[in-house]
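Asks: Going line by line, the protein sequences match chains V and G.
The first sequence begins at 1 in UniProt numbering and counts up one residue at a time.
The second sequence begins at 1 in UniProt numbering and counts up one residue at a time.
In short, the hints are calculated from the structure, not lab data.
Every value quoted in this text rests on a predicted model; they were computed, and no experiment measured them.
Some hints here could point you the wrong way.
Said to hold, decoys possible - Now the stretches of chain V that chain G is said to cover, found in silico as 3 or more residues with beta-carbon under 8 Å: (1) 24-32; (2) 78-89; (3) 119-132; (4) 144-152.
Stated by the list, open to error - Taking lysine to any residue and the SDA-like style, the derived pairs with C-alpha atoms no more than 25 Å apart in a straight line are: (5) V:K111 <-> G:T39; (6) V:K127 <-> G:D84; (7) V:K127 <-> G:T4; (8) V:K127 <-> G:T68; (9) V:K111 <-> G:L160; (10) V:K127 <-> G:L127; (11) V:K111 <-> G:A111; (12) V:K111 <-> G:F45; (13) V:K127 <-> G:T23; (14) V:K127 <-> G:E170; (15) V:K127 <-> G:T125; (16) V:K127 <-> G:D57; (17) V:K127 <-> G:G90; (18) V:K127 <-> G:L174; (19) V:K111 <-> G:A103; (20) V:K111 <-> G:V80; (21) V:K111 <-> G:V82; (22) V:K111 <-> G:I19; (23) V:K127 <-> G:D139; (24) V:K111 <-> G:D145; (25) V:K127 <-> G:I19; (26) V:K111 <-> G:L64; (27) V:K127 <-> G:E65; (28) V:K127 <-> G:T171; (29) V:K111 <-> G:L123; (30) V:K127 <-> G:S74; (31) V:K111 <-> G:A128; (32) V:K111 <-> G:L174; (33) V:K127 <-> G:S2; (34) V:K111 <-> G:G30; (35) V:K127 <-> G:L11; (36) V:K127 <-> G:D122; (37) V:K111 <-> G:P16; (38) V:K127 <-> G:D150; (39) V:K127 <-> G:R102; (40) V:K111 <-> G:R102.
We put the beta carbon where it would ideally sit given N, CA and C, even for glycine.
Here's the letter readout for the chains.
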Amino acid sequence: MSLLDDPVARWTELDLGVAGRVLDVVRAPDPVLSTPTSAVDPTSPEVVQLAADLVATMRVSPGCVGLAAPQVGVSSMVFCVDVSQHPKVRDHHGTFVLVNAEVVSSSRNEKGREGCMSVPDLTGDVKRASRLVVTGHLPGTGERVEVEANAFEARALQHEIDHCAGLLFLDRVAGAHAVYARQTYL
Amino acid sequence: MSQTLHAITVLGHDRPGIIAETTERLAGLGLNLEDSTMTLLRGHFAMMLVGSGTASDTEIAAALEPLTTDGTLSVTVREVPVEDAPAAAGTPWVLTVHGGDRAGIVSAVVAEVARVGGNITDLTTRLAGDLYLLIAEIDLPLDVDQAGLDVAIREVAGGLGVGASLRPVETDEL
Numbered sequence: 001m002s003l004l005d006d007p008v009a010r011w012t013e014l015d016l017g018v019a020g021r022v023l024d025v026v027r028a029p030d031p032v033l034s035t036p037t038s039a040v041d042p043t044s045p046e047v048v049q050l051a052a053d054l055v056a057t058m059r060v061s062p063g064c065v066g067l068a069a070p071q072v073g074v075s076s077m078v079f080c081v082d083v084s085q086h087p088k089v090r091d092h093h094g095t096f097v098l099v100n101a102e103v104v105s106s107s108r109n110e111k112g113r114e115g116c117m118s119v120p121d122l123t124g125d126v127k128r129a130s131r132l133v134v135t136g137h138l139p140g141t142g143e144r145v146e147v148e149a150n151a152f153e154a155r156a157l158q159h160e161i162d163h164c165a166g167l168l169f170l171d172r173v174a175g176a177h178a179v180y181a182r183q184t185y186l
Numbered sequence: 001m002s003q004t005l006h007a008i009t010v011l012g013h014d015r016p017g018i019i020a021e022t023t024e025r026l027a028g029l030g031l032n033l034e035d036s037t038m039t040l041l042r043g044h045f046a047m048m049l050v051g052s053g054t055a056s057d058t059e060i061a062a063a064l065e066p067l068t069t070d071g072t073l074s075v076t077v078r079e080v081p082v083e084d085a086p087a088a089a090g091t092p093w094v095l096t097v098h099g100g101d102r103a104g105i106v107s108a109v110v111a112e113v114a115r116v117g118g119n120i121t122d123l124t125t126r127l128a129g130d131l132y133l134l135i136a137e138i139d140l141p142l143d144v145d146q147a148g149l150d151v152a153i154r155e156v157a158g159g160l161g162v163g164a165s166l167r168p169v170e171t172d173e174l
């Protein structure tokens, strides 16, 4: 699929028609981060505003390649991703928000070190699929879309989908010596 | 002279060069380092070594005594029996517990592991701001009801207001 035909690659936050607000990012051990979220109506004004807020908050956060609703204290199945500026990126879909996202298929596990704005003092080695197919809805139109992601974008998607399931990367680390103290946060 | 095995601990105020100094002195005694681990615990240096050689506990302690003279480090030396690690007759798992810091998290959760005969083979805990994190590697006996243990751990963790997850270790055979 060319990017012009791909509704996810074409999508921008301007499609939402509302201005995003920069919200405070919640840190562990806030219980909202350990609470599985519920599916929401992707066309509702609340979800549209939340989508815009997530993108706005991601934009002002250095190094942030994704942000899930629980990270701004909202227990909804919504997250945004934008890996386009990251040095590890290969192909990508730019900025997008997915609502009620689910993993359809995954393969080719690879280990990588992850950090998280909600766990600013630690990083950890996590094995994730590097080939991924995810479905979800675009906020606003509610259009159902399928995202084929690989490499770093696939990792980011799995990290955000985990947030929506009430899981942190700490719940996926490879072992007792796979967590590391971070001296400085970007 | 016969070879004996010695467990050595070095604990105290961290500074550059402790490992270099310790191992140089042990090498001077001809002690062969068989296993070692070192970490910083809230900034305090903590190292454990097991070494084999012909030196006695007394000789090793005397060789390491200069490390302790400024009062910032303590050293213990103890001969230990040679134990061959038995092949694990179980399955390897990783347990993560994280949440708000409070006393008793580790003891309550690992009691569930002990109750089913699970053996913790590696464990780290970290306190990062308000977040308390425990990650343990566990061998579970083959006949353990793993799903039941997962439920029991989640219930205990939930009672403490923390989250817990138990998952099998994934090994890639290459």
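Asks: Checking one constraint from the list: CA of K127 (chain V) to CA of E65 (chain G), max 25 Å. Satisfied?
Replies: This hinted pair is violated, its Cα atoms lying about 45 Å apart.
Asks: Is the Cα-Cα distance between K127 (chain V) and S2 (chain G) 25 Å or less?
Replies: With Cα atoms ~46 Å apart, K127 (chain V) and S2 (chain G) exceed 25 Å; violated.
Asks: Please verify whether K111 (chain V) and L174 (chain G) have alpha carbons no more than 25 Å apart.
Replies: holds (15 Å)
Asks: Does the structure keep K111 (chain V) and A111 (chain G) at a Cα separation of 25 Å or less?
Replies: Violated - the C-alpha atoms of A111 (chain G) and K111 (chain V) are around 31 Å apart, more than 25 Å.
Asks: Would you check the hint for K127 (chain V) and I19 (chain G), treating anything up to 25 Å between C-alpha atoms as holding?
Replies: violated (32 Å)
Asks: Sort out whether D122 (chain G) lies within 25 Å of K127 (chain V), counting only the CA atoms.
Replies: holds (19 Å)
Asks: Under the criterion that the straight-line Cα-Cα distance not exceed 25 Å, is the pair K127 (chain V), T171 (chain G) satisfied?
Replies: With a Cα-Cα distance of about 11 Å, the restraint between K127 (chain V) and T171 (chain G) holds, given a limit of 25 Å.
Asks: So if I understand the rule, the pair passes when the alpha-carbon distance is 25 Å or less; does K111 (chain V) with A128 (chain G) pass?
Replies: holds (23 Å)
Asks: Checking one constraint from the list: CA of K111 (chain V) to CA of P16 (chain G), max 25 Å. Satisfied?
Replies: violated (31 Å)
Asks: Taking only the CA atoms, is the gap from K127 (chain V) to D139 (chain G) under or equal to 25 Å?
Replies: holds (20 Å)
Asks: If you draw a straight line from the CA of K127 (chain V) to the CA of L174 (chain G), is it 25 Å or shorter?
Replies: Holds: K127 (chain V) and L174 (chain G) sit about 16 Å apart, inside 25 Å.
Asks: Quick one, are K111 (chain V) and V80 (chain G) close enough, alpha carbons at most 25 Å?
Replies: violated (38 Å)
Taken one by one, the earlier hints fail for this structure at numbers 2, 4, 6, 7, 8, 9, 11, 12, 13, 16, 19, 20, 21, 22, 24, 25, 26, 27, 30, 33, 34, 35, 37, 39, 40, listed in ascending order.
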